[in-house]
Amino acid sequence: MRGWGVVALLAMTAPAWAHKLATHSTAEERRLAGIGSSTWVFLERQLAQRSMVAFTEPVHEEITNRIYGCNGDCGGREALDAPGPVLAGVRWNDDPPFRMSANQARGMGCKTQETIRFETQPLCWGSLFADANKGAAAGKRYGPGDAMLYRTHFGDLQFLHAMASRDGETAADTKAKLMGWMEFAWRTAQGEYSLDTRLKDSTIPAIQQAFGRSEWRVLDLYTQGASGGLRRYYQDVAFGSLLHALQDSYAAGHVEREAASGLRQCTIGADRVAAPGAILEFHAYNRQDHGRHAEADTRTAFLRRFEEKGNVVEVGRVLLRARDEKRGWDDVRPFFDCVFALQAPNAPAGPGEFGRGQGTD
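Those letters in the sequence shown? Residues -18 to -1, 1 to 343, by mature numbering (1 follows the signal peptide of the UniProt record, and there is no 0).
Careful: at least some of the hints might be erroneous.
Said to hold, decoys possible - Simulated crosslink set (SDA-like; lysine to any residue; CA at most 25 Å straight-line):
no., residue 1, residue 2
1, K182, M82
2, K182, S196
3, K122, N85
4, K308, S196
The set of hints was computed from the structure by calculation and includes no laboratory data.
Since we're looking at a predicted model, the values are computed, not measured.
Using the sequences provided together with the hints, build the complete structure.
Encoded structure:
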C-alpha cells in the first residue's frame, strides 16, 4: 500500500526533469555506479515510473549524444555516442546521490544507511520530492543542511538547472552562481581537483556559499555511493554535469532568451559559434506549474530550437573540443560569459509564463 500511496503523490507532484531525462540509466552507467537490480527495487521503479511516464523522454541524453557526434537517431538508451560516465554526469544534476539522517527522512520510507537516488530508492525519492514541493509551495527555503534533492530542485542549488533559487533574485546574481558552477565543473573536468579535494577549500564564491560549511570532497559530491568504478572517471562526470546546466539554459521553463540573430559570436581561441539569444530572465521553479514547465522540456521543444543559430549542440561541441585541447578556465570563461549574456542584469526572477494558475493562451 505504501508503494501506491507514493505513486499517487508522484502523480500530483511529478518532477519535471529539465529537458526531460529518462528515469533509468544505461547499463554502463549502472555498472559504473554499482547499481544493483533486485526484484523489489525493479518493482519500485515500475510503480514510480507509472506516474512519471510523461516526464521521461531521454532529451538530455539525445542532446549529449549529438554533442559527441551523433547525427542520426540519437535518442534512447541504445544511442551511446557519449561515454557512460559523461551521461552519468548529465543525470547527476537531476538525480544526485545523497545521504540523509534517520531523523531527516522520518516517515519517508527511506533506507538511510544507503545512498538515496531515484534508481536505488524510487519510492523514498518520490516521498522526499513531494515533501520538498509541499514545503517550497508554503514558502520554505532550502539550503546547506538540507538534502541535495531539496536543494537542487527547490532550493539554493537551482543554478545547477540554470534557474534562480527564488523569485526576485536578479539575473546577475543567478548568472554569477551559474558561472561559479561552470568554473568548478570545468576545473574538475580538466583534473585540477582530485577526488579528495574538499569543496570548502575552493575559492569560487558560489561553491563556498553552497558547500563551504561541509566536509564534502569532490568524491562525495559527484560519486556518492558509487562502487563500480565510476570514481575513476569523475572528470567525465563533472563535464556531464556542466553540459546539463548548459542544456537547461536553452529550456524555456528555465530561461527566457531573446531570439538569436546569428550576428554575435562566442569564441574559444580560433573556434567560434553563433551566440544564443541573450537572457531576458532566469525562472525559479518554486511557483511554477510543474506540468507546464515539463511541456517546455520535451523533445519537440528541443527540436524546434535545434534549427536556430547558436543552438545547444553547436555550443556543446565547441566546449567538447576545448576540453579535448585541455584548455584552462581562463581560456573558456569568456565563452561561457558570452553564452550566458544578460539583456537586463537587474531583471528579477519569476515563474515566467509557467506560473501556477496562469492561463495557457
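Each hint tested on the structure:
1. K182 x M82: holds (20 Å)
2. K182 x S196: holds (7 Å)
3. K122 x N85: holds (18 Å)
4. K308 x S196: Not OK: K308 and S196 at ~30 Å, beyond 25 Å, violated.
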